[in-house]
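Take a look at the letters that make up each chain.
2 protein chains.
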Amino acid sequence: MGFSKSRPLFSSAARRLSASPASYLLCRSWQHQPKFCPASTLAASEPVGASLSAANISIERTAAPKEKLPPTKLVFGHTFTDHMVQIPWNDTDGWLTPKILPYQNLSLDPATCVFHYAFECFEGMKAYKDSNGSIRLFRPDKNMDRMSKTAARICLPTFDHDALIKIIAELVKLDGDWIPSERGYSLYLRPTLIGTQASLGVAPPKSALLYVIMSPVGPYYPTGFKAVKLEATDYAIRAWPKGVGDRKLGANYAPGILPQRMAASRGFQQNLWLFGDEGYITEVGTMNAFFVFQLPDGKLELATAPLDGTILEGVTRDSILALARERFDKDKWVISERKFTIQEVADHAKAGTLVEAFGSGTAAVVSPIKEISWRGQPIAVPLQAGKETGMVAEQMAQWIAEIQYGEVEHPWSVLLN
Amino acid sequence: MGFSKSRPLFSSAARRLSASPASYLLCRSWQHQPKFCPASTLAASEPVGASLSAANISIERTAAPKEKLPPTKLVFGHTFTDHMVQIPWNDTDGWLTPKILPYQNLSLDPATCVFHYAFECFEGMKAYKDSNGSIRLFRPDKNMDRMSKTAARICLPTFDHDALIKIIAELVKLDGDWIPSERGYSLYLRPTLIGTQASLGVAPPKSALLYVIMSPVGPYYPTGFKAVKLEATDYAIRAWPKGVGDRKLGANYAPGILPQRMAASRGFQQNLWLFGDEGYITEVGTMNAFFVFQLPDGKLELATAPLDGTILEGVTRDSILALARERFDKDKWVISERKFTIQEVADHAKAGTLVEAFGSGTAAVVSPIKEISWRGQPIAVPLQAGKETGMVAEQMAQWIAEIQYGEVEHPWSVLLN
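Chains as they are written, first to last, in UniProt numbering: chain P, 1 to 417; chain G, 1 to 417.
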């Protein structure tokens, strides 16, 4: 059937990336001297060769379909479906024909630049089966936009957003029976783009491979929410101004693992990443961070860090902000993207005006927080009576799931069949 | 013959890494709260299973040796020798048997963590053929030490330094006829360590692969020095305090490519990386940065940025500092590891007391600088009359080459046969 005609989602937001992708990061708020990065100087980044196209996908079906695990046995990112997408690119021909192939190993020269210089970026998104058995994606245009921005930041090729969504849709439909039907289950999609040039000079890769793999996943909280304890971390920092913390680069992940392990060794599930002497709250683990404060005028504030170049532009973050702005009572709520510090959180906790805190991301949607350790002292974060979550996190999880599973019609949910 | 007994280089410096490698980065000068990272909390990082051992290397020789290029046709990192080292590791068994194999592709599941989260680090070092036809390494203990520190920072396994040097030596000797005999030529060695766990959770890899490939390379300046023009870069930041800029991680490289391309589009070969509102000079491209200033008392100062956690601990940097401290006239020279700014450089240039500037690294040894563009204005850097280099860079290139090629006996040069 192809895409539902009633939902023209692939319009402006999912357009072909304009001609100077490299200007994405370097001409931002942290940029003091815009004269140094006008788009006109970035001619070397212009797309070359063929555009990415979904017109002639080649499909090779597996001769040996894998056995599927019972849904309750699924572990995040451990089981993969029967097929994958592979789309090679090179700087002469541009994007080559997209291929859907049996899931298989990549065979790469050991000099390939992805192994040495972290020429790699990825996305995380999900496909859901609704009660009619139809398959839905959640805001794929946002993932495509972010992936293009990220690719451009490390001189990997950008691509036509519509085309990649269509190619991914073909893969999802082909392996549609891998999506568990149970509410709470989904198919995690991992578009990945790696540099494949096999030489050791540190330079823009002349070849790349975009691939997509898919993993059926269960609910993040199979037995109800489970709130986490965080360690406020200022002995390591995740990202910095004029760096790449707002891009979904592999480079942002490995360096966070040792602090996570250190926090875990002290009994905390994740790091609450602080920045600067002020202790600005930036992210939690690999998620965006939300806090709810009661204000002196009696209103409630839902606050998260602003997109200042150090914060990942989370799709769930954006969805939560949009839903709060649309559905929360405007007389009672203030929705803020602003800088705030761990001291402010501690002060609110002491005053009894810290209402709630949670992380947001594709995997868990929301991750309620019950305690933050800061300089060895615990800051208690309230939960609802008898529940391991605050009210906003619970509400957002419900609203977003209703949209993802098509129970409430919403333009964010894209029907594939 | 094995290692020369007269050169006990593999003593304390190349010892087995002690039990808490994770403390390497996080308990440094940038660390405000040392109580948060005592080594005793890092039990999860303790080595497990077998240590890396050179005792039972398995060797499989190629049945189809490649044709060798004429030395003059060599391009850095494009041609590789007949064999490679592969050593798998997993968190149950530790290091498995080292294998020397025909150079070959790696076959990896597309979910492998090196493709997604940049679990990767590397070293760059060289083997030289001396006038007797013997093969020499240059300070391999320094590379091993840095590689272990880097691996520990992203929860990849550390290893016995002596053992890896011995394994690398076996590979170099096997492919010894790939080392061009001509002065200025060498064999570039690329030890690489990647995470190989094939699942998408962001966590310490449970398996890894250490491999070594080798590329014969020609002189960096086949027709004499060629000084470069730099763009002082403050619109992008290479590294940050409490980050990972002092580690040889893949993650530090891809984000530097777009600024390099932007500088190149304006006619500059490299970025001079600045830090902070003060404009501290940190590195140049992927090299350490040295400046020579004339001081008010008539002395000369050789200055480079200190190892404060944002600077790569360059082996060539260390060698230059050591040689200067040992061989320069102490009445005439001050050797400084200190912070200094682009403004200080500009002031020296204006006063006629900027004497010289150069980058240092394994590939080029030294890279003389002739101009720095800062906020659109050129800072001219003096060169010697009729030469594309300053005096110190030229002297250091000569001294280091004499040691590397065994023309001057020095404990830094390790004979392999």
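Keep in mind the hints are simulated off the structure, nothing from the lab. Owing to the predicted nature of the structure, the values given are computational and were not obtained by experimental measurement. The reader is advised that the hints may include incorrect statements.
Same chains, same label: a pair holds when it works inside one copy or across any pair of copies.
[Claimed, not checked] Keeping only pairs whose Cα atoms sit at most 30 Å apart, straight-line, the calculated DSS-like set for lysine-lysine is:
| hint | residue 1 | residue 2 |
| --- | --- | --- |
| 1 | 149 | 73 |
| 2 | 99 | 68 |
| 3 | 387 | 229 |
| 4 | 99 | 229 |
| 5 | 299 | 330 |
| 6 | 68 | 299 |
| 7 | 332 | 73 |
| 8 | 66 | 206 |
| 9 | 387 | 149 |
| 10 | 99 | 149 |
| 11 | 173 | 229 |
| 12 | 350 | 73 |
| 13 | 299 | 226 |
| 14 | 350 | 99 |
| 15 | 229 | 206 |
| 16 | 73 | 299 |
| 17 | 350 | 299 |
| 18 | 330 | 99 |
| 19 | 330 | 73 |
| 20 | 330 | 206 |
| 21 | 370 | 66 |
| 22 | 370 | 299 |
| 23 | 226 | 66 |
A quick look at each hint next to the structure:
1. Within a single copy, residue 149 and residue 73 get their C-alpha atoms no closer than 36 Å, and across copies no closer than 37 Å, so neither meets the 30 Å cut-off.
2. Taking identical chains as interchangeable, the C-alpha atoms of residue 99 and residue 68 lie at most 30 Å apart only when both belong to the same chain, with a minimum of 23 Å there against 36 Å between chains.
3. For a Cα distance limit of 30 Å, the shortest separation of residue 387 from residue 229 inside one copy, 15 Å, qualifies, whereas the shortest one across copies, 62 Å, does not.
4. With identical chains, the CA atoms of residue 99 and residue 229 are never at most 30 Å apart, being 44 Å at best within one copy and 44 Å at best between copies.
5. Within a single copy, residue 299 and residue 330 get their C-alpha atoms as close as 9 Å, which meets the 30 Å cut-off; across copies the closest is 69 Å, which misses it.
6. Within a single copy, residue 68 and residue 299 get their C-alpha atoms no closer than 50 Å, and across copies no closer than 75 Å, so neither meets the 30 Å cut-off.
7. Taking the shortest Cα distances, residue 332 and residue 73 never come within 30 Å of each other, neither inside one copy (43 Å) nor across copies (72 Å).
8. Taking the shortest alpha-carbon separations for residue 66 and residue 206, only the inter-copy value of 24 Å comes in at or below 30 Å, while the best intra-copy value is 35 Å.
9. In this assembly of identical chains, the alpha carbons of residue 387 and residue 149 never lie at most 30 Å apart, being 39 Å within a copy and 43 Å across copies at closest.
10. In this assembly of identical chains, residue 99 and residue 149 lie within 30 Å of each other by CA distance solely inside one copy; the values are 24 Å within and 41 Å between copies.
11. For the homomeric pair residue 173 and residue 229, neither the shortest alpha-carbon distance inside one copy (39 Å) nor that between copies (53 Å) is at most 30 Å.
12. When the C-alpha separation of residue 350 and residue 73 is checked against a cutoff of 30 Å, the pair qualifies neither within a copy, at 43 Å, nor between copies, at 70 Å.
13. Proximity of residue 299 to residue 226 under the C-alpha cut-off of 30 Å is restricted to the intra-copy arrangement: shortest distance 27 Å within a copy versus 66 Å between copies.
14. For the homomeric pair residue 350 and residue 99, neither the shortest alpha-carbon distance inside one copy (57 Å) nor that between copies (60 Å) is at most 30 Å.
15. Proximity of residue 229 and residue 206 under a CA criterion of 30 Å is satisfied inter-copy only: 25 Å between copies versus 44 Å inside one chain copy.
16. Taking the closest pair of Cα atoms, residue 73 and residue 299 never come within 30 Å of each other, the shortest separation being 44 Å inside a single copy and 72 Å across copies.
17. In this homomeric assembly, residue 350 and residue 299 come within 30 Å of each other (Cα to Cα) only inside a single copy, at 18 Å, whereas the closest approach across copies is 59 Å.
18. In this assembly of identical chains, the alpha carbons of residue 330 and residue 99 never lie at most 30 Å apart, being 49 Å within a copy and 66 Å across copies at closest.
19. Taking CA atoms no more than 30 Å apart as the test, residue 330 paired with residue 73 passes in neither setting, with 43 Å inside one copy and 70 Å between copies.
20. Proximity of residue 330 to residue 206 under the C-alpha cut-off of 30 Å is found in neither arrangement, the shortest distances being 51 Å within a copy and 49 Å between copies.
21. With identical chains, the CA atoms of residue 370 and residue 66 are never at most 30 Å apart, being 40 Å at best within one copy and 61 Å at best between copies.
22. Proximity of residue 370 to residue 299 under the C-alpha cut-off of 30 Å is restricted to the intra-copy arrangement: shortest distance 22 Å within a copy versus 61 Å between copies.
23. Taking the shortest Cα distances, residue 226 and residue 66 never come within 30 Å of each other, neither inside one copy (33 Å) nor across copies (58 Å).
Checked against the numbered hints given earlier, this structure breaks hints 1, 4, 6, 7, 9, 11, 12, 14, 16, 18, 19, 20, 21, 23; the rest are met.
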